[in-house]
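Fit chain D to the given chain V structure using the hints.
Chains as they are written, first to last, in our numbering: chain V, 245 to 561; chain D, 245 to 561.
Just so you know, these hints were derived from the structure itself, not from any lab.
Do not take every clue at face value.
Since the list gives no way to pick out one identical chain from another, each pair is judged satisfied if it fits inside one copy or across any two copies.
Below 25 Å or equal to it, Euclidean Cα-Cα: the simulated SDA-like pairs (lysine to any residue) are [stated by the list, open to error]:
#, residue 1, residue 2
1, K380, F484
2, K380, D319
3, K440, E281
4, K380, D415
5, K440, G324
6, K380, D362
7, K440, A270
Here the structure is a predicted model, which means the values were calculated and not measured.
2 protein chains.
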Amino acid sequence: VAADDAAPATRPAGYAFARGALDRAAELRADAARLAELAVAPGSRLLPVRADGRILVDTGRGQLAAQPATNVDADVTFLGLQGADAWFARSVPADTPTPDPTLRWLDLRGAAATLPADEAATAAYARALLHWQSRKRWCGVCGAPTRLGEAGHRAQCTDAACGAQYFPRTDPAIIVVVDDGAGRILLGRQPSWPEKRYSTLAGFVEPGETLEDAVRREVAEESGVRVGPVEYLASQPWPFPASLMLGFHGRAVGGELVVGSELADARWFDGAALPELIASGELTLPPALSISFHLVDHWFQRRYGRHLQPGPVFATR
Amino acid sequence: VAADDAAPATRPAGYAFARGALDRAAELRADAARLAELAVAPGSRLLPVRADGRILVDTGRGQLAAQPATNVDADVTFLGLQGADAWFARSVPADTPTPDPTLRWLDLRGAAATLPADEAATAAYARALLHWQSRKRWCGVCGAPTRLGEAGHRAQCTDAACGAQYFPRTDPAIIVVVDDGAGRILLGRQPSWPEKRYSTLAGFVEPGETLEDAVRREVAEESGVRVGPVEYLASQPWPFPASLMLGFHGRAVGGELVVGSELADARWFDGAALPELIASGELTLPPALSISFHLVDHWFQRRYGRHLQPGPVFATR
Numbered sequence: 245v246a247a248d249d250a251a252p253a254t255r256p257a258g259y260a261f262a263r264g265a266l267d268r269a270a271e272l273r274a275d276a277a278r279l280a281e282l283a284v285a286p287g288s289r290l291l292p293v294r295a296d297g298r299i300l301v302d303t304g305r306g307q308l309a310a311q312p313a314t315n316v317d318a319d320v321t322f323l324g325l326q327g328a329d330a331w332f333a334r335s336v337p338a339d340t341p342t343p344d345p346t347l348r349w350l351d352l353r354g355a356a357a358t359l360p361a362d363e364a365a366t367a368a369y370a371r372a373l374l375h376w377q378s379r380k381r382w383c384g385v386c387g388a389p390t391r392l393g394e395a396g397h398r399a400q401c402t403d404a405a406c407g408a409q410y411f412p413r414t415d416p417a418i419i420v421v422v423d424d425g426a427g428r429i430l431l432g433r434q435p436s437w438p439e440k441r442y443s444t445l446a447g448f449v450e451p452g453e454t455l456e457d458a459v460r461r462e463v464a465e466e467s468g469v470r471v472g473p474v475e476y477l478a479s480q481p482w483p484f485p486a487s488l489m490l491g492f493h494g495r496a497v498g499g500e501l502v503v504g505s506e507l508a509d510a511r512w513f514d515g516a517a518l519p520e521l522i523a524s525g526e527l528t529l530p531p532a533l534s535i536s537f538h539l540v541d542h543w544f545q546r547r548y549g550r551h552l553q554p555g556p557v558f559a560t561r
Numbered sequence: 245v246a247a248d249d250a251a252p253a254t255r256p257a258g259y260a261f262a263r264g265a266l267d268r269a270a271e272l273r274a275d276a277a278r279l280a281e282l283a284v285a286p287g288s289r290l291l292p293v294r295a296d297g298r299i300l301v302d303t304g305r306g307q308l309a310a311q312p313a314t315n316v317d318a319d320v321t322f323l324g325l326q327g328a329d330a331w332f333a334r335s336v337p338a339d340t341p342t343p344d345p346t347l348r349w350l351d352l353r354g355a356a357a358t359l360p361a362d363e364a365a366t367a368a369y370a371r372a373l374l375h376w377q378s379r380k381r382w383c384g385v386c387g388a389p390t391r392l393g394e395a396g397h398r399a400q401c402t403d404a405a406c407g408a409q410y411f412p413r414t415d416p417a418i419i420v421v422v423d424d425g426a427g428r429i430l431l432g433r434q435p436s437w438p439e440k441r442y443s444t445l446a447g448f449v450e451p452g453e454t455l456e457d458a459v460r461r462e463v464a465e466e467s468g469v470r471v472g473p474v475e476y477l478a479s480q481p482w483p484f485p486a487s488l489m490l491g492f493h494g495r496a497v498g499g500e501l502v503v504g505s506e507l508a509d510a511r512w513f514d515g516a517a518l519p520e521l522i523a524s525g526e527l528t529l530p531p532a533l534s535i536s537f538h539l540v541d542h543w544f545q546r547r548y549g550r551h552l553q554p555g556p557v558f559a560t561r
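Excised from the complex, chain V in its bound form (with noise of 0.2 Å):
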């Protein structure tokens, strides 16, 4: 039973932008009144985010540095309440300063490592719900330019004629790790990726298809594999832009090994022997805040009852 409030080690826990905290309070979005005085109300808070996806961050607090809100208008996005106060949004020009020396403009893996679970998870919120703004100001379907609404989670084509609405975009993308039954699991590296560090593999869902099939399509064309069963195990929001990572162990059932044109490599690793692969340098895992580590310690820590060494962040997009 894949039930999230079970025992720890029964599923995959504590990495980053899943512990959200901000009650989203949809039924404000349209309350242009409300959200004028909460906007004013001593708590509120205005989040900054950059163009380029960097938030503004008091490192010396190890806290979000949102400022105080102190008007609505037509670019401000509302993200929720936390308690009675009001979280606002708002994106900046990507060369935009820091404005006290004290603070930082932090991409969200670092803000992940410097801030408490929840501010990470709304920064996170807010990056994506930003981005997909700034790749919806013109109507795809007749090239008139866009009118947000629903304080930021609607964009409307200006063109009566048209009308087109559109709704904030998440990209589900299926991540899975892959064992043989027999204590191997099946890990691959991204040619952009340091050398030694491997992962489990992942890719998009693509339309008409299945989480299921997903896995499956994805694990066949990276490595030959062929997976039976599957069994969900958690989601993550990845928002390097807008991903939905779904978590998932899969059972191979077959094929041959064949590095995937996407890889740089892909391969069978003895569970019992990651301990020291990591140890003598010979293997990195990805870092504690993505899924994809806790997946695999997951798979570890219930077959060996202890934890893995996650790597260390290092910047991708």
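Frame of chain V, contents of chain D only:
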């Protein structure tokens, strides 16, 4: 364990659009020479999809009325391989008449009721992909026209300075059968539905949200009910126009039932009374093509050892 090859009773099954049999052969999407060869091969097929989403069906034979594919040009989309035979799709105007009195343009619900499961899944895949193309003719970043590439699976901005790329969109949505652990099940109805029709609650996953949080948020928004443990069960492509339904069971742990603004009604039903309510016409469930029916039926079947009667198909968008 939510393994999709487990015994039938352990997972919902039998809904439409989920049994795709095409090999998507993504490696061929950039291989223009091979696609041109495939297009004139005797077994290749071209599936026309009307701009209103209707698919050409040979209702007498109960199969897709795909035509021989005679050429591959910039407007054709490669769907995949069935054995050695290629399937292509092409969008045609909404007023395209049927080319033959034995063929009919059916919407996807009608097609699902007529076609074998694998052909209904192909139709849903083609429809979802072509709908995405129709919404991605202009670049959302800069307003320039886009051009399709990768045999219909990518759109690229034609402005060289922008060059934004877009990939097919799939909107993840949760759909959840909520029970109270004491034999009652929570169902709701939308204002546009026929009277007495009730179904499971559902809603889109938002940016920066886990599936599990989306389940709890949607149920709270629509019914006031607080959900604790959740369990993933199964997924269904739902091309109306581009959703992916992620089916869950959720256990209510509190909250007063208050009908949310999106629903006409929501109420607790006594599980034991469902067959009689359905037989007497007091309750109509969703049709058998939807995962919503199968989530309810699966819950009932686990508890009472028998199946429920699905409702009729009615047209919605």
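| request: Hint by hint, work out which the structure violates, then give me just those numbers in ascending order. | output: 3, 5, 6, 7
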